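Engineer: One-letter residues, chain by chain:
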Amino acid sequence: MAPGNQTMSNDDIILKVEHLSMKFGGLMAINDFSFEAKRGEITALIGPNGAGKTTVFNCITGFYKPTMGMITLRQKSGKEYLLERLPDHEITKTAKVARTFQNIRLFSGMTVLENLLVAQHNKLMKASGYTVLGLLGIGGYKAESKRAIEIAEHWLEMADLIDRADDPAGDLSYGAQRRLEIARAMCTEPEFLCLDEPAAGLNPSESLTLNKLLRSIRADSGTSIMLIEHDMSVVMEISDHVVVLEYGRKISDGTPDHVKNDPKVIAAYLGVEDEEVEEVIATVESLEGGENA
Amino acid sequence: MEYFVQQLVNGLTLGSIYGLVAIGYTMVYGIIGMVNFAHGDIFMLGAFAALIVFLVLSPIIGFTGVAVLVLLLAMLVVAMLMTSLWNWTIERVAYRPLRGSFRLAPLITAIGMSIFLSNFIQVAQGPRNKPIPGLVNDVYTIAGISVSLKQIVIMVVTAVLLAIFWYIVNHTPLGRAQRATEQDRKMAALLGIDVDRTISITFIMGAALAAVAGSMYLIYYGVASYNDGFVPGVKAFTAAVLGGIGSLPGAVLGGLLIGLIESLWSAYFTIAYKDVATFAILAFVLIFKPSGLLGRPEVEKV
Numbered sequence: 001m002a003p004g005n006q007t008m009s010n011d012d013i014i015l016k017v018e019h020l021s022m023k024f025g026g027l028m029a030i031n032d033f034s035f036e037a038k039r040g041e042i043t044a045l046i047g048p049n050g051a052g053k054t055t056v057f058n059c060i061t062g063f064y065k066p067t068m069g070m071i072t073l074r075q076k077s078g079k080e081y082l083l084e085r086l087p088d089h090e091i092t093k094t095a096k097v098a099r100t101f102q103n104i105r106l107f108s109g110m111t112v113l114e115n116l117l118v119a120q121h122n123k124l125m126k127a128s129g130y131t132v133l134g135l136l137g138i139g140g141y142k143a144e145s146k147r148a149i150e151i152a153e154h155w156l157e158m159a160d161l162i163d164r165a166d167d168p169a170g171d172l173s174y175g176a177q178r179r180l181e182i183a184r185a186m187c188t189e190p191e192f193l194c195l196d197e198p199a200a201g202l203n204p205s206e207s208l209t210l211n212k213l214l215r216s217i218r219a220d221s222g223t224s225i226m227l228i229e230h231d232m233s234v235v236m237e238i239s240d241h242v243v244v245l246e247y248g249r250k251i252s253d254g255t256p257d258h259v260k261n262d263p264k265v266i267a268a269y270l271g272v273e274d275e276e277v278e279e280v281i282a283t284v285e286s287l288e289g290g291e292n293a
Numbered sequence: 294m295e296y297f298v299q300q301l302v303n304g305l306t307l308g309s310i311y312g313l314v315a316i317g318y319t320m321v322y323g324i325i326g327m328v329n330f331a332h333g334d335i336f337m338l339g340a341f342a343a344l345i346v347f348l349v350l351s352p353i354i355g356f357t358g359v360a361v362l363v364l365l366l367a368m369l370v371v372a373m374l375m376t377s378l379w380n381w382t383i384e385r386v387a388y389r390p391l392r393g394s395f396r397l398a399p400l401i402t403a404i405g406m407s408i409f410l411s412n413f414i415q416v417a418q419g420p421r422n423k424p425i426p427g428l429v430n431d432v433y434t435i436a437g438i439s440v441s442l443k444q445i446v447i448m449v450v451t452a453v454l455l456a457i458f459w460y461i462v463n464h465t466p467l468g469r470a471q472r473a474t475e476q477d478r479k480m481a482a483l484l485g486i487d488v489d490r491t492i493s494i495t496f497i498m499g500a501a502l503a504a505v506a507g508s509m510y511l512i513y514y515g516v517a518s519y520n521d522g523f524v525p526g527v528k529a530f531t532a533a534v535l536g537g538i539g540s541l542p543g544a545v546l547g548g549l550l551i552g553l554i555e556s557l558w559s560a561y562f563t564i565a566y567k568d569v570a571t572f573a574i575l576a577f578v579l580i581f582k583p584s585g586l587l588g589r590p591e592v593e594k595v
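Protein sequences, first through last, are from chains A and B.
If you count the first sequence from 1, position 179 lands on 179 in my numbering, and the numbers rise without skipping.
Numbering-wise, my numbering comes out as the position in the second sequence, counting from 1, plus 293.
Hints are computed from structural coordinates only; laboratory data are not their basis.
Hints may be right or wrong, so weigh each one.
What the hints assert, rightly or not - Straight-line C-alpha distance at most 25 Å; calculated DMTMM-like pairs for lysine to aspartate or glutamate: (1) A/K126 <-> B/D489; (2) A/K123 <-> B/D477; (3) B/K479 <-> A/E189; (4) B/K479 <-> A/E191; (5) A/K65 <-> B/D489; (6) A/K65 <-> B/D477; (7) A/K93 <-> B/D489.
Since the structure is predicted, the reported quantities are computational estimates derived from the model, not experimental observations.
Between the sequences and the hints, there should be enough to build the whole structure, so can you do that?
Structural biologist: In C-alpha cells:
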C-alpha cells in the first residue's frame, strides 16, 4: 500500500478506475474502489467470495452501469475512453476491451473456427460491404476473410487447438473450451483482456497450459490482462500486480509478494476479528522470521 | 395416380409459399424468442405492394410478352423493399422498446400490430377482394399432369431464394452474427456485434421473403384481400412449428408438408375441412413432438 508508486507516467497506465461504486438496491456491492492497471502487465483481482470482483468486471465491460465513478481506458495511441458511458458492443469494437466469463459462453453449435471468426465480425462485415458486395464477389472480402482465418489459426496454434478447428465448440473438453474462449477474446484484437476465473475447474495440467497461454499473450501481443482468480498458484505465478477486494472495498494493492504478506489480506481470507489483526501481524512476522532464518 | 401426382404438384406450390413465410417466423423466433404474429400481415402487405405496382405499371407497359417479365421483377423488388421497410419500422417502434420486458409483452404487441396492419389495409385499400388478371397463363401437360407456368415460376423462385438465404446464413459474416446472436445475445455484443442491427436485419430478411411469398400468392390466386394475412400466416406458423421452430430447413420442410397435407386433404376428403386438418397437425405436433421434426430439443444443464 505504498502511496509512492502513484507517480509513474500516464502512458504506462491502461486502465484507471476511480471512485467506482455500484449499488444494488440497498446493497453497496462496490464502495469507492480505485485502482490502476499497467500496460503490458497481468493484473489480478482477488478477494473472498462475494467481495464484488465480478461486479467490477461487469462495470468495466459494460454489463452494469456503475452508480458512481469513472473507468478510463487509455489505448496505445493515447486515445482515452470512458467505459461507463459506452454501449456494450462499442466497448469491444472501439475501446478494445474483451472479456470471458466464469461460466463458459462459447457458441457451442458453431465450429471452433467459426467462434473465432464471429469475434472478427466487424472488419469482415465492412469488407463484405455489409454482405451485399460480398455476395456478388466484389471488393476485398475474399482477402479479408483469408486474413481473418489466418488470425484465427494463429490463436488456435497458441491455444493448442489447431487440430480441432472444424469440430463443434461444444465437443471440446472443459480445459480446451476455456482456452478457446481466451483465443476468441484475443481475436477481437483487444488492448485489455478481462478474464473471470479462467482456471476455475481446471485440473493441474490444464492449469499449466493456461498459464503458458496467458504468458505468451503478454509476451507476444502486448495485450494487458486483468484476471479474477481463486487459484493462488495461478495468481502468484503469473501476475505482476494484485489488487485485493473485500466487501466492495480495496484492502490491498501491490506485487504478489506484498499482497501475500499483507496482514489485512490474511485477515480477510482467514476471517478474524478486527482486534485480532494485530495478533495475526505478529504471527506472520514471526513466521517470516522463521522462514528466513 | 395422375390425380395424386397432380395434387403433389399443387401441394408443393402452396407449400413453397408457406415455407417462405415460415422462414420469417422461424428466424425471428430463433433470434429473439418471440413469435411475430404480425408476420402474416407482412405477407399480405407484400401482396398489396405487388398489386399496386401491377396497377400502376400495367397500363403503361401492358402485360404481354417481355412486359410480363418486367412487371414480375418490378412487383417482386418493390414488394420486397416496401415490406422490409414496414417490418423494420415495426421492429423499431413496437418490439425493440419492449426487449427485456416480460415475455408476453412482445407477443401482445405483435398481435396488436397484426390487427393494426390488416385494419390499415382495409381502410386504405378497401375491404373488397382486389383481383388482377392472370399474368402467366401457360399450362404444360406432361404425362397427363398439368403444370402451369405459374407453379414452375413459384417453385423456381422459392428454390433460388432459399439457396441464397441458406448461403447468407451459413457462409457470410452476417449469418454468423445472426447465429451468434441467436445463441448468446450478450456474448455476441461483447464480441463487437451490433445486436440491435443484426436483429433488424433479420426482420428485414424475413419481410423480404414474406413479400416474395405475398407476390407469388397474388399471382397464383389472382386476388388479394386485407385479411389474407391471417389464415396463411397462421398456416405458415404451423409449418414453422411442425418443422421445428428456430430451424431453417425445418421451416421449409414444414411449409412443404403443410402445403401437401392441405392439397391432398382437399383432393381426397372434403375441402371445407382442409384448415381443420392443418391445425389438427399443429395440435398433434405440440402435444407429441414439441420440438418439431428438425428442431433441437432444449437441453437444460443443471
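Engineer: Among all the numbered hints in the text so far, which are the ones the structure does not match?
Structural biologist: none
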